[in-house]
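Student: If you want the building blocks of each chain, they are given just below.
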Amino acid sequence: MANILVYALQYEGAFNKNSLGAVSEASKLAAELGGEAHAIVVGEGVSNDLVASLGNYGATKVLNVNGPEGLAQPVVDAMAAAVAAGDYGYAIFGGGLLGFEVGAGLAARLSAGVAMEITAVRAEGGKLVAERPILGDSAISQISFRSDLGIIISRLNAFEIKETGGTAAVEEFSVDFSDFSGQATMITRGEQRGADVDIEGADILIAGGRGLGAEEGFELCETLAAAFGGNSAVAATRAVVDAGWFPYAGQIGQTGKTVAPKLYLAAGISGAIQHKVGMQGAENIVAINKDANAPIFEFSDLGIVGDLNKIMPKLSEAVKAKKGA
Amino acid sequence: MKICVLVKEVPDAAVQKKIDPSTGRMDRSGEKNLNPYDTHAIEAAMQLKESGAMAVDEVVAVTMGPDSAERALHKAVSLGADRSVHLTDGALAGSDVAATGYALSKVLEKEAPDLVLLGQQSDDGECYTIGAVVADHLKFPSLTQVIKIDVEGGTKLRAERQAEYGYDTVEINLPAVISVGDAINEPRYPSLKAIMGAKKKPLEKLSAADSGIDASKVGGDNSAAQWTGSSEPPKKEAGRIIEDEDTAETVEAIVAWLDERKLI
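Chains A and B are the protein sequences, given in the same order. Heads up, the first sequence is in the numbering used here, so the first residue is 898 and it goes up one at a time. Heads up, the second sequence is in the numbering used here, so the first residue is 9 and it goes up one at a time.
Heads up, a few of these hints could be off.
Below, simulated DMTMM-like cross-link-like pairs (lysine to aspartate or glutamate); rule was C-alpha separation at most 20 angstroms, straight line [said to hold, decoys possible]:
1) B:LYS243 to A:GLU1180
2) A:LYS1187 to B:GLU268
3) A:LYS914 to A:GLU1097
4) A:LYS1207 to B:GLU260
5) A:LYS1159 to B:GLU268
6) A:LYS1217 to B:ASP267
7) A:LYS1207 to B:GLU251
8) A:LYS1059 to A:GLU1180
If you only want the chain B side, here are some residues facing chain A, beta carbon under 7 angstroms, derived [claimed, not checked]:
9) ASP144
10) LYS147
11) VAL159
12) ASN181
13) MET204
14) LEU211
15) LEU214
16) ALA233
17) GLN234
18) GLY237
19) SER238
20) ARG248
21) ILE249
22) TRP265
Derived DEER-like restraints, expressed as beta-carbon distance ranges [as the list claims (entries may be wrong)]:
23) B:GLY98 to A:THR1061: 46 to 56 angstroms
24) A:ALA1123 to B:GLU194: 29 to 39 angstroms
25) B:THR177 to A:ALA1140: 15 to 25 angstroms
26) A:GLY1022 to B:ASP229: 19 to 29 angstroms
27) A:ALA1036 to B:LYS207: 19 to 29 angstroms
It should be emphasised that the hints constitute simulated quantities derived from the structure, not laboratory data. In this text, a Cβ means the ideal position worked out from N, Cα and C, and glycines have one as well.
Sequences and hints are given; from them, build the entire structure.
Tutor: Right, dumping it as structure tokens:
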């Protein structure tokens, strides 16, 4: 039971970086438990060469499953079959929407314990203990498992990617998919909506949230970004992207992009955990929000409690003046 | 057709305060009440029913929790659910996500809905998980974080959601479990009449045994994921907070702060 199974998400010929981090972490933990890290890939005709590349992150074996992509339940079927056929004590997921769905479904299927939003895992007495920040990250709870299989779903970017130069054996693993997992069909996947904006390379990001009040509120962000000039850009939270106020390509957080600019200025963003995981690597975080209790103030370096409609225009002018000086 | 909506009582901190547009006052009814994200699931159910897109006979709110959770059901019926079911039993206390999902699935098995809707929770990871757990027990297809539902031919839905690589559109056959994101709709405000009438709508209380729940699979002691301790996170130095009173001064302070860090 010392082996660890990792779900590796791939899309258009590349692995998700959170999956690669999960493979690296599993490889390290499996070594401490005296076992191996294996990965499982589910997709339509994914090449064995691509699958084998997971060896470079520490997987010793990869199960390549031919099945529907982008939906959770076929992956649950595949992982349940792999667990039944193998010798796995733990399953690890690198976060993301599918990771949560697959991990939870697998927990139900196999009566396994599941721990989510995990930021660190350690081996202790031959078992794994997972750490989950709770109550707005003000405490960390430790979770262990009493089931035969323990399921660990990490927060995004919890695990570091490490290249080992290793190689993995590939096994083409066939799965009998359950009837109900075939009741959902992907029609279009990965559709990009709105303009293409580049936020990952920016040094200064002005990010807007629901507190902007309307799509027009983004003008305040654009003006401020323009005042900073140089390598600055405007970004957004999921809520406003889903509301259609800003293009998907500019979204930060759980299902969007992860950024680490020199300055991150959050306007009207409450700072929910799904957003925080995408921007907490920023060097300097400034938040403007009228709600003094907004969680973002707990992790900002400079917090302004006030009306962004009053502050942002004056700030833009002042930044422009300072630059001109 | 029957739609079951899973709802949950949440503590004060997770509730977004808002102003009641009819009185202009702070709405305090929500302070220990229905998870605000669940109101989007109820609204989605009501829109499916009222639009006639689906022939919905009944919308049933279902919760699991202590006596106080009844308030979440009252709110759910005031928003339009026809009746509610309250699974409550000391044996369920402390259940983890997997055990909670199992217990709720036993209640749902008896209800035999065509569609199960639930809301995403914003500040814990359960948003993505409880629907998937329930679906696996019921052997229903499922999707989470759905922001648009269209009905196709009565027994099929077309759902949109944002996933890892952009927006996905998925067709899903009923019966199904769908968890909705908050962008799916703007929940209505219950009328005073609906609030007053809420207590008159049928509310069924079920014990674990009534629902056929195997007591050895639920409760804190039987949950497979066990909390074994807690610790303090590494301290991060508290940031500086400025309350904006004089905006010119505030802006001056921000610029000085940015300038010190060579960010301008």
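Student: Now look at each hint and say whether the structure bears it out.
Tutor: Evaluated hints:
1. B:LYS243 to A:GLU1180: holds (16 angstroms)
2. A:LYS1187 to B:GLU268: Violated, at roughly 25 angstroms.
3. A:LYS914 to A:GLU1097: Given that 20 angstroms is the threshold and the Cα spacing comes to 15 angstroms, the pair holds.
4. A:LYS1207 to B:GLU260: OK: A:LYS1207 and B:GLU260 at ~14 angstroms, within 20 angstroms.
5. A:LYS1159 to B:GLU268: holds (13 angstroms)
6. A:LYS1217 to B:ASP267: Measuring from Cα to Cα gives roughly 12 angstroms; hence the hint holds.
7. A:LYS1207 to B:GLU251: Holds, at roughly 13 angstroms.
8. A:LYS1059 to A:GLU1180: With Cα atoms ~23 angstroms apart, A:LYS1059 and A:GLU1180 exceed 20 angstroms; violated.
9. ASP144: holds (4 angstroms)
10. LYS147: Holds. Min distance 5 angstroms.
11. VAL159: violated (15 angstroms)
12. ASN181: Holds, because the Cβ-Cβ distance from B:ASN181 to chain A comes to roughly 4 angstroms (cut-off 7 angstroms).
13. MET204: violated (32 angstroms)
14. LEU211: Result: violated, 28 angstroms to nearest chain A Cβ.
15. LEU214: At about 21 angstroms, which exceeds the 7 angstroms cut-off, the nearest Cβ of chain A leaves the hint on B:LEU214 violated.
16. ALA233: holds (3 angstroms)
17. GLN234: At about 6 angstroms, which falls below the 7 angstroms cut-off, the nearest Cβ of chain A leaves the hint on B:GLN234 intact, so it holds.
18. GLY237: Check passed: Cβ of B:GLY237 comes within 5 angstroms of chain A, closer than 7 angstroms.
19. SER238: holds (5 angstroms)
20. ARG248: With a closest approach of 5 angstroms, the B:ARG248 hint holds.
21. ILE249: holds (4 angstroms)
22. TRP265: holds (5 angstroms)
23. B:GLY98 to A:THR1061: 46 to 56 angstroms: Check passed, 50 angstroms falls within 46 to 56 angstroms.
24. A:ALA1123 to B:GLU194: 29 to 39 angstroms: holds (32 angstroms)
25. B:THR177 to A:ALA1140: 15 to 25 angstroms: holds (18 angstroms)
26. A:GLY1022 to B:ASP229: 19 to 29 angstroms: Given range 19 to 29 angstroms: holds, Cβ gap about 21 angstroms.
27. A:ALA1036 to B:LYS207: 19 to 29 angstroms: violated (38 angstroms)
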